[in-house]
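Just remember that our numbering sits 2 ahead of the position in the sequence shown, which is counted from 1.
Calculated from the structure, these hints are not laboratory results. Some clues are possibly wrong.
Derived pair list, reagent style DSBU-like, types lysine-lysine, alpha-carbon separation capped at 30 Å [as the list claims (entries may be wrong)]:
#1 472 x 454
#2 420 x 580
#3 57 x 218
#4 218 x 420
#5 174 x 145
#6 420 x 454
#7 420 x 585
#8 56 x 218
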Amino acid sequence: MFAGRGEFGRFVMSQRIRLLAEVVANRIAAGEVVERPASAVKELVENSLDAGAKKVEISVERGGRSLIRVTDDGHGMGPEDALLALERHATSKIRDASDLLKIQTFGFRGEALPSIASVSRFTLRTREPEALEGTEVVIDGGKIVRAGSAGCPAGTSIEVRQLFAHVPGRRKFLRTEETEWGHIEHGVKLAALARPDVGWVLRRDGAVFWQDTARKDLEERLAAVFGRDWRGSLLPVDVRDGGMHLHGYIGRPGVNRATRAEQILFVNSRPVQSGSLNAALLEGYHNALMRGRFPITVLFLAMDPSGVDVNVHPSKREVRFRQDGDVRRFVSGAVAEVLRGGSVGPLPMPTMTTNGFTPSMTLSPMAHQPAVTLPAREPMAAAVTGGSLELAVESTPGIPAGWRFLGIVDHLYLVAEKEGGVVLIDQHAAHERILFEQLLRQVAQEEVHGQKLLYPVTMEFSPLQASFLKDRVEQLAKVGLGISSLGGNAFLVDALPPRIRTLAVEEFVRGVVADLETGGTGTRKDRKLSEEVIAKTVIKANDRLNEAEALRLMADLLACELPYTCPHGRPTMILLSKGELEKKFGRAG
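Start from the sequences and build out the full structure, keeping to the hints where you can.
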C-alpha cells in the first residue's frame with residue numbers, strides 16, 4: 003500500500019496501517035456485541051432457540067461475573083461445525099446478501115460466540131442426537147486450549163467463566179451483582195415471552211430462581227412471568243390488516259408508568275426497541291394518556307420479514323421498517339380501536355400495602371412503582387366566566403342501567419353506585435372528556451363555527467412560526483380559530499373557537515400555535531389543538547352542580563366513546579369495589 007511520493011518522486015511504503023490479529027479483532031467486536039453479562043446470556047439463549055431447543059436452562063453466578071451456563075436440547079453440532087462456529091462471521095443462517103432481507107432467526111452474523119470466547123474462559127460441549135459422542139472445545143481468551151471428543155447429552159451447553167477477565171478495563175465498569183442480575187432476569191423473561199412453547203429454568207447462584215414448562219399460549223406464559231393477577235390491568239389486542247398482525251395486551255387507560263420500562267414490544271418474536279412503534283403507541287393512546295406517562299404493553303407484531311431491517315445495531319434490538327408510515331398507522335389504529343372497544347371500566351381504587359401502593363406489574367422484582375398514579379391537579383390555562391354554571395354538553399336521556407347517582411363530595415366528586423361497588427367521578431375531568439369528544443365530532447363533521455371578535459387582533463410571529471402557520475390556516479379554522487395572513491410575518495385573528503371566554507386573545511393563540519407545532523400528523527394534530535381549546539373551557543374544580551346538572555354530566559360521560567379518562571389521560575372515575583369496602587370495614591373473611 004503506497005502513502006505518497008517521497009522527496010525525489012519515489013513512492014514510499016507506509017507502515018502505519020496493519021491488519022489486526024484475530025484475537026484483537028474478536029475483542030473489539032466483543033465490545034459491541036457483549037456489553038455486559040446480560041448481553042452474553044441473550045446471545046447464547048438466542049443460539050439455543052435458533053437450534054430448535056424445547057427446553058433452555060440458564061445458570062448464573064455472581065451476576066454473570068463468575069459463571070454463565072446455557073444448556074439446551076436443540077439439534078447440537080458435529081465436530082467440524084463446533085469449531086467453525088467459533089470463527090468470526092461463520093453462520094448457518096444466511097448464505098448471501100439477499101438472505102439479509104428475509105431473516106427469521108435471532109442470530110445471523112456469526113459474531114457472538116467468537117466475541118464471547120475472546121473475553122472469557124469458554125467451554126462448548128455439543129452433540130447431535132444421532133451421534134454416539136459429542137465434542138468439547140475449551141478456549142481461554144480467544145485461544146483454543148483443547149478440542150476433542152467428550153461424553154455429553156444431545157444438544158449444546160456453553161459455559162462462560164470469568165467474563166471480561168482478559169479485558170480488565172471492561173470488567174471494572176460492570177455494575178453491582180444485583181444490577182447485572184436484574185438485566186439478566188429481564189432478558190431471559192423477554193425470551194420466555196417470545197417463546198411460550200419452550201420450557202425455561204433460570205438459576206441464580208445454584209438455586210432455581212424461576213422456571214416454567216412449555217406452554218400452549220401466551221396467556222399462560224404471562225401468568226408465569228407476571229403472576230396470576232396480570233390480566234386485571236391489561237386489555238387484549240388482536241388486530242390484522244394488510245399482512246400485519248398485532249396481538250398481545252395493552253394497559254387500560256389510566257394504568258401507565260413514568261418510563262418505558264414496562265413497554266414490551268416484539269417484532270416477529272424478536273424483542274425490539276423502535277422509535278416508530280413508541281410513537282405509534284402514544285398516538286393510539288393519545289387522549290387516554292397523560293403527558294410524560296407511558297403505557298404498559300406486551301405486544302407482538304407479526305409481518306413479512308422482508309419489511310423489517312434487524313441489521314441496524316450489533317445488539318439486534320433496534321429495528322427499522324421499510325414502510326414505516328404504514329406500520330405506524332396500523333399499530334396506532336389498532337391500539338385506538340381496542341381502547342374504544344368498550345371493554346374497559348372505571349379504574350380500581352389504588353390498594354394500600356405496608357409499603358404504600360400496590361407494586362407494579364414488572365418483569366423484575368427489583369422495580370416497584372404505584373399501580374395507579376393520581377397526579378396533582380393542573381392549573382387551568384385560562385379562567386372561565388363566573389356566575390351560574392352552564393354545562394355545554396349533549397344531553398343523554400337517563401343513566402345506564404345498573405348505575406345510581408348518590409351525591410357530590412366537596413363540590414368536586416360525584417358519587418355513584420354501580421354493580422360491584424361505589425364509583426367516584428371527577429367532575430372536572432368528566433367535563434373535559436365530554437367536551438373533547440363533542441368537539442372532535444364537530445371537527446370531523448365540519449360543524450365548528452368560531453365566535454367573531456368585536457375587535458380583531460393583529461399578531462406578529464417569528465419567520466419560522468409564520469411559515470408554519472400559513473400552511474395550517476385551514477386546520478385552525480376547523481376548530482373555529484379564524485386567522486389569516488397579512489403578509490410577511492403578520493396575521494389577523496378575527497374569531498375564537500366556541501365557548502372560549504378569554505380577553506387574552508394573543509396569549510391564547512400563541513399557546514395553541516406552540517402546542518400545534520409539537521403535534522403529530524392528521525388526527526393527532528386535530529386532537530392536540532382540541533385539547534388546547536378544551537383546557538380553556540372546562541368547569542372549574544369547585545363549580546357547584548345541582549342534582550339535575552350532576553345527573554346530566556354523569557349520563558353524558560357514560561355515553562362517551564372513551565369515558566374513563568380525560569383528554570390528558572387522567573382518570574375520570576375510580577371504582578371502590580365491594581370487596582375493598584369489606585376489607586376496609588373488616589368484613590372480608
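Hints, one by one, checked against the model:
With a C-alpha separation of about 20 Å, the suggested pairing of residue 472 with residue 454 holds against the 30 Å cut-off. Proximity of residue 420 to residue 580 is assessed by CA-CA distance (about 10 Å); at most 30 Å being required, the pair is judged to hold. For the hint linking residue 57 to residue 218, the alpha-carbon distance of about 14 Å falls within 30 Å, and the restraint holds. The hinted pair formed by residue 218 and residue 420 fails the criterion: a straight-line CA distance of about 37 Å is larger than 30 Å.
Under the criterion of a C-alpha separation no larger than 30 Å, the hint pairing residue 174 with residue 145 is consistent with the structure, at around 23 Å. Taking the CA atoms of residue 420 and residue 454, the gap is near 44 Å; set against the 30 Å cutoff, the hint is violated. Among the hinted pairs, residue 420 with residue 585 is consistent with the structure: their alpha-carbon atoms are about 18 Å apart, no more than 30 Å. Straight-line distance between C-alpha atoms of residue 56 and residue 218 comes to about 13 Å, which keeps the hinted pair within the 30 Å bound.
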